[in-house]
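Visitor: Place chains B, P, H, L, Z, S and V on chain X using the hints.
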Amino acid sequence: MALMDDFVLGGRKLSSRLIVGTGKYKDFPTMKAALLASGAEMVTVAVRRLDLKAQGEASLLHWIPKEMVLLPNTAGCFNAEDAVRTCRLARELELGGENPLVKLEVLSDPATLLPDAEETLKAARQLVSEGFRVLPYTNDDPVSARKLEEAGCAAVMPLGAPIGSGLGLRNPYALQMILDQAKVPVIVDAGVGTASDCALCMEMGVSGLLVNTAISGAQDPVLMAGAMKLAVEAGRMAFKAGRIPRKLYGNASSPLSGVIGSR
Amino acid sequence: MALMDDFVLGGRKLSSRLIVGTGKYKDFPTMKAALLASGAEMVTVAVRRLDLKAQGEASLLHWIPKEMVLLPNTAGCFNAEDAVRTCRLARELELGGENPLVKLEVLSDPATLLPDAEETLKAARQLVSEGFRVLPYTNDDPVSARKLEEAGCAAVMPLGAPIGSGLGLRNPYALQMILDQAKVPVIVDAGVGTASDCALCMEMGVSGLLVNTAISGAQDPVLMAGAMKLAVEAGRMAFKAGRIPRKLYGNASSPLSGVIGSR
Amino acid sequence: MALMDDFVLGGRKLSSRLIVGTGKYKDFPTMKAALLASGAEMVTVAVRRLDLKAQGEASLLHWIPKEMVLLPNTAGCFNAEDAVRTCRLARELELGGENPLVKLEVLSDPATLLPDAEETLKAARQLVSEGFRVLPYTNDDPVSARKLEEAGCAAVMPLGAPIGSGLGLRNPYALQMILDQAKVPVIVDAGVGTASDCALCMEMGVSGLLVNTAISGAQDPVLMAGAMKLAVEAGRMAFKAGRIPRKLYGNASSPLSGVIGSR
Amino acid sequence: MALMDDFVLGGRKLSSRLIVGTGKYKDFPTMKAALLASGAEMVTVAVRRLDLKAQGEASLLHWIPKEMVLLPNTAGCFNAEDAVRTCRLARELELGGENPLVKLEVLSDPATLLPDAEETLKAARQLVSEGFRVLPYTNDDPVSARKLEEAGCAAVMPLGAPIGSGLGLRNPYALQMILDQAKVPVIVDAGVGTASDCALCMEMGVSGLLVNTAISGAQDPVLMAGAMKLAVEAGRMAFKAGRIPRKLYGNASSPLSGVIGSR
Amino acid sequence: MRATVNGELLLLPEGLTVLTLLQHLKAGKDRVAVERNGAVVKKARHAEELLAEGDVLEIVTFVGGG
Amino acid sequence: MRATVNGELLLLPEGLTVLTLLQHLKAGKDRVAVERNGAVVKKARHAEELLAEGDVLEIVTFVGGG
Amino acid sequence: MRATVNGELLLLPEGLTVLTLLQHLKAGKDRVAVERNGAVVKKARHAEELLAEGDVLEIVTFVGGG
Amino acid sequence: MRATVNGELLLLPEGLTVLTLLQHLKAGKDRVAVERNGAVVKKARHAEELLAEGDVLEIVTFVGGG
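Protein chains in written order, with the numbering used here: chain X, 1 to 263; chain B, 1 to 263; chain P, 1 to 263; chain H, 1 to 263; chain L, 1 to 66; chain Z, 1 to 66; chain S, 1 to 66; chain V, 1 to 66.
The shape of chain X in the complex, shown without the other chains:
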C-alpha cells in the first residue's frame, strides 16, 4: 500500500524521500541501475574541473535519468569562498533557473570530513542573498541547524554520522531537538550504513535522507538501493501509523481467558 504524502524541498515537489549521490560507483551502468532502483527523484552531483586530458570521455550526465532533479554540491570545499564560487559555477552548469538548488557542503578537514559549521553558515548567508535555494550539510548541533534555518536555508541536513562511516544515527537526542525546532524540512545527510538506519531516521519524523556511500559501497549496490527505497517508505509509513509505546512489561496478544482446563 502506498502512502501519499509528497513534500516540497527547495521548491521541488517530491514523492520520494530518498535523495542519492552519484559518487564512487565502480562504473556508470551500475550507478544508473542503482539510481533507478532507489526510486530517487533528486540526485547529487559534484562540480569539478574538466579533465583537459581526458578527450571524449563519457559524461556523468548521460547516465543520470533525465527526469531526475540534479542537486549540485560543493563537496571538496574547505572554506565559504570556494563554496560560493562553486555554487555560482553550478548555477551556470544547470543552465540558469531562477532559484537554483545547491547542496552546501563546507568541510573542516579531509581526515574527519566533518562540516565546518562556521564557514557553512557564512556561505549560506551569501548564497541565500544571491537567490540560491540552499540545502546545507551540517553537524548535529541544534544551534547550527537553527542558525542555518534563520539564514534562510530551504532545509537543514544534519549528519547521522561522518561521511562514509556507516555508523548510522549516532545521536538521536540531537536529531530530536533539531526536529522539535525546525520549520523547514530536516534531511539526514551522511552516516547511513544500511536500510534500518533509514527506517529509524524516518520514524523519528525527518523529511528525508541523502545517501551515497552506503549504496555505492555495498557489495550489491543495486540491491542495496532497492533496500533503502523500501526502508525509507517503511519508516515514513511507521511514523505516520503511530507506533505502540515502549514498556518493560508487555501485554498478551492472545486472550488469556477461555484456555482449556481452566475453571
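Please keep in mind that the hints were generated in silico from the structure rather than gathered at the bench. Do not rely on the hints blindly, as some may be mistaken.
[Unchecked claim] In silico DSSO-like pairs for lysine-lysine, Cα to Cα no more than 30 angstroms straight-line: (1) V:K26 x V:K42; (2) B:K240 x B:K183; (3) S:K42 x X:K122; (4) H:K13 x H:K183; (5) H:K53 x H:K13; (6) B:K240 x X:K26; (7) X:K66 x X:K53; (8) S:K43 x X:K32; (9) H:K183 x B:K247; (10) B:K122 x P:K122; (11) H:K66 x Z:K26; (12) V:K43 x P:K53; (13) H:K32 x Z:K26; (14) B:K13 x B:K66; (15) P:K247 x H:K26; (16) P:K122 x P:K183; (17) H:K122 x H:K183; (18) X:K26 x S:K42; (19) H:K66 x H:K53; (20) H:K13 x Z:K43; (21) B:K240 x X:K240; (22) L:K43 x B:K66; (23) B:K247 x B:K13; (24) H:K240 x P:K26; (25) H:K26 x P:K240; (26) X:K13 x X:K32; (27) S:K42 x S:K26; (28) B:K53 x B:K32; (29) X:K183 x P:K247; (30) X:K32 x B:K13; (31) H:K32 x Z:K43; (32) H:K26 x Z:K42; (33) V:K43 x P:K122; (34) P:K66 x P:K26; (35) H:K247 x P:K32; (36) L:K26 x B:K53; (37) L:K26 x B:K26; (38) Z:K43 x Z:K26.
Just so you know, these numbers come straight off a predicted model, no measurement behind them.
Guide: Just chains B, P, H, L, Z, S and V now, kept in the frame of chain X:
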C-alpha cells in the same frame, strides 16, 4: 525491485517473511485489511473454548483470507501438558493434515509473559514425537534454542523483547549467537515495536519475523502493517546486498581532487 | 566517605560487594596483589584433579589471604551429575562446615561457555537438598532466575555477557526484571569488561558482582582490581543516593537571573 | 590503591579530576558537605549582580573550603560581549592574578541551554588576547573543539548531554574524535547523570569531568558526590590499567582440563 | 445427565452424542474441536461417541491470537 | 544624581565615588567588582573614581553556579 | 599568451574568446561552466569574452558526488 | 593391584588405604579430597578405607578459577 528468495518454514514454501497475528484488533474488518496490507502468507490464531452464550457470532475464520496458512498457537498455556492438549485440538480444528504446524508457546506467568524454556522443551519433544511441525516461541538464550532444534523443532523463534513490549531487539548479541549455530530457520517472535525493528533483525540474517501487537496496537494498524511489510523486505535485501563496514572515520563520497582554486 | 551497608550472601556477612576469581593470572604474586587491591572478601576457586606429576609445586591456597572466604565453583562441568560430585568434593576440601557455599556453574558447551539452565536447575535442587548454600551462575532469563530462587538457592547470579567476553551488561531490561522479582541477592557474574560496567550494574540495584577475566586479563591486573573496587562502591553509593531523572531538555545549574546587562 | 597522576589545567596542578559546581543546592551546609565529599580541588562559581536588597546575607564564599580553586563561569551569557565583560569582572572579583582562569559558557537559548559555538569562539579569541586562561564549554562537534584549541584555550570542555539532562554521554563517537585530535586537556562538562557516566568518560581517556546538577539534584547530594569521586578515580584507573578486548565469544576463567570424570 | 462443558457444569438430556451435544448447544456455526475427558474426539466419531454422566468436555474453536 | 545600578535607576547623593557608593549601598560585606559604563573599575581606583549623572553601574559578586 | 587554466599554466594563441578556448581545448563534449579571474562568464557571453594575458580560468563540469 | 586414579590406570602395591595411597603419590603437600567409585571418602576415614582392585579414584584440590 523484488528479491526472489523464498524460504521453507515447517514444510510450507513462503515468499513473505512476515508472519502476523490476529489478536487484539478493534474489529474484524480492520484485521482483514491489516492482514492484506502485511502481505503475510501465514497468520497465527489462538485456540479457545467456544463461547456457549455467543450465538451466531461472526467467526474469525470468515475474516482471514483463504490463501493464508493458519498457524495455531498455544498462547495462554502455562505448562507442557496444556500446550500439548491444545495442539491436539488445533490439529482437529485444522481438519487433520499430515504434519500440522503449530506455534508452541508455553508462558511462565501472566506478568512477564516470558516463555518457560523448560516446559516449552518438554512439550516440543512430545509434539515432535506425535508428528507435529513445531515452531517454538522461546527466550533469547542460545542454549534453549539449540535444545529445541535438537528436539526436532522446525524452527526456533526467540523473542526480541517481551510480548507486547515494543522494545525491539534488546539483545543482538544473543540473537547473533543463535544465528551462528542454528541450522533451522530463526524467526524473531515478540518484542517488535516499529518498522525499523523488523529491518534490523532481518539485516542480521533471521529468516523472518512474527508480529502482532505492533500492528494491531498501532494508531493506524493497516498503515503499520504496510510499513512492516516493506521493512522486512528492506532488511532482507540489505542483508543480501552486503552493507558497508562501520568505521569511526569515513571516506568522501565526492572526489577530493579537481576542486576549483587548488594548485 | 564510606557507605555502611553490609549484605549477607550465603550466610556470610560481607562489606565488599565485589567477589573475584583466581583464574588466569600470569603468576601467584600478581594474583595475590590483585586480590588485595580488589578489597574482595570472597574469592572463587575451581576444583580440579591433583596433578600427580607436579611434585612440590606451590599451592594456590598459600597465595590467597587467609581472611578471604573461599567460594568453590563447578566450572568445567557440563552436566548436573558432575557438578554435584564436584560440590561434594569441594565440601570435603573445605574441611566440612555445616552449610558449605558453592558457586554452581553448569556450562552448555566450550564454545559459548553459556550456562545450561536446565542442568543447573537440576543440580541446584539436589545440592540444596544436601544442605549446600548454592550460588548459581545462570543466563539472564528472569524465568530461570525465579526457578533457581524457588529451588532454594541463596542468590541468583545472571551473566552480564558470556564469560570472558568483556561486553558488559548486554541486556539491562532482563536484569531489571530479575531484580524486580528476586527476594534473594542478585549478583552479576561474567561479562564485565571494565570498571564502568560494574558501576552501571550496581546502580541498577544488584547486590554485587563476580569478576575474574576483566581483572586477570587486564594489562595491569592490580590497577584494574583497584578500579573495580572503587567502581563497585561508586555504583552502590549512586544507587543509594538517588540519581536525577533523565530528560531531553535540561535545566541551568547557574541562576539565569541577575546577569549583567539585563533589564 | 591510589593512582598518582596529577594533571595541569589552566596552569593549576590538580590531583582530583572531578570539578564540581556550586549551583542549585538546597542550602550552603549541604553544598559544603558535598564539595568536601567530592574531593574536588576546583569549583565553579557564577558571577551575578549583587542583590542590593539582601542585606547581610551569608556569602557563598564563606562556604567554599579555602583550599579549593575558584573557577568563575559566564553562565547566563547569550553572546560573546556579555561573556567577555563577565570575565573581566570575574578577574576583578578574584583579586587579579596574572592569568585568571575562567569557564567560558555562552549559551544559545534558555530552552536547550546548548552552547553557541560561534559566539563562544568569538569570546574565546578575545579573552585569550587579554591573558585569560579559558576553559570553554562547547558542543560535542570535534571541529568546534579544534577551533577553540587553535584559539589558545587551555582545555576544551564538550558536553556529554545538555546541561541538567542527566542523559550521560550521548555520543561517544564524537568524544573519541575530540580526544584523538586534542593536545589540551578534554573535560566532559554537563550531561552526567550518575556515577557510571563519569567512569565511562574517564575510561575513554578524558582528563576530567565537571559536574553540578547530578550532585546537587540527587536525593542525597553528599552521598552522590562521594560516588562521583570514586567513579572518576575508578574510570581513570581502568583507563590506565588497559581493559580486556570485547568479543562475542568469551574464554573460560577456570581451566577446562582436569575436570573429574574425564578420560 | 450432568457434564462439565468448557468448565461449566451443565444438566443435559440423556443419550447425547458429541454431535447432538453440539447441535443442542447450537455450536454448529463454527469450526470446532472436542476433547472428552482429556482425549480428542475425532470429527469422524462425533456421531457415535456417546456422552456419559460426569464427562468433562472441552469445545474449542479458533480466535484471534498472536 | 541619577544612575542605573544593576539595572535599576537610583537617585543618589552628589559627589559619590565608587567606594562611597558601595558604603551607601551597604555592599561592603561581600567581595564585589564594579563596572562603570561598560568598563571595570579596578579596586585600587574605587576611592578616586567619581560617579557622574547617568552612569550605568554593575556591581557583581560570586553566586553558586555550575 | 599565457593563462592559468584549471591550475595549469598554458601557452595559448592570441585573441581567444572563452568560446574559442573551449573549442581549442576540445571541451565541447560536456556541459561546462567557466570562471574567469574569480567571476563566472555566462554562456551567453562566451563568444564575446576575450581572454587576456595572465588570466586565471576555471572550466568545470559535473562529476559523480554525494 | 590396579586402580584408575584421576583418569589414569596405575599399578599400585597391595593393601593401600586412601591415606597410604596419598603418601605413595606424595600428594600430602596440598589440601586434597578423595572420591572412590563415585562417593567421597571423608578425611576421617582415609586411614581405614582400603582400596580394592579396579577402584576408580579421583583426587582433587583447589586451583585458580572464576
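Visitor: Looking back at the numbered hints, which does the structure fail to meet, lowest number first?
Guide: 5, 18, 23, 30, 32
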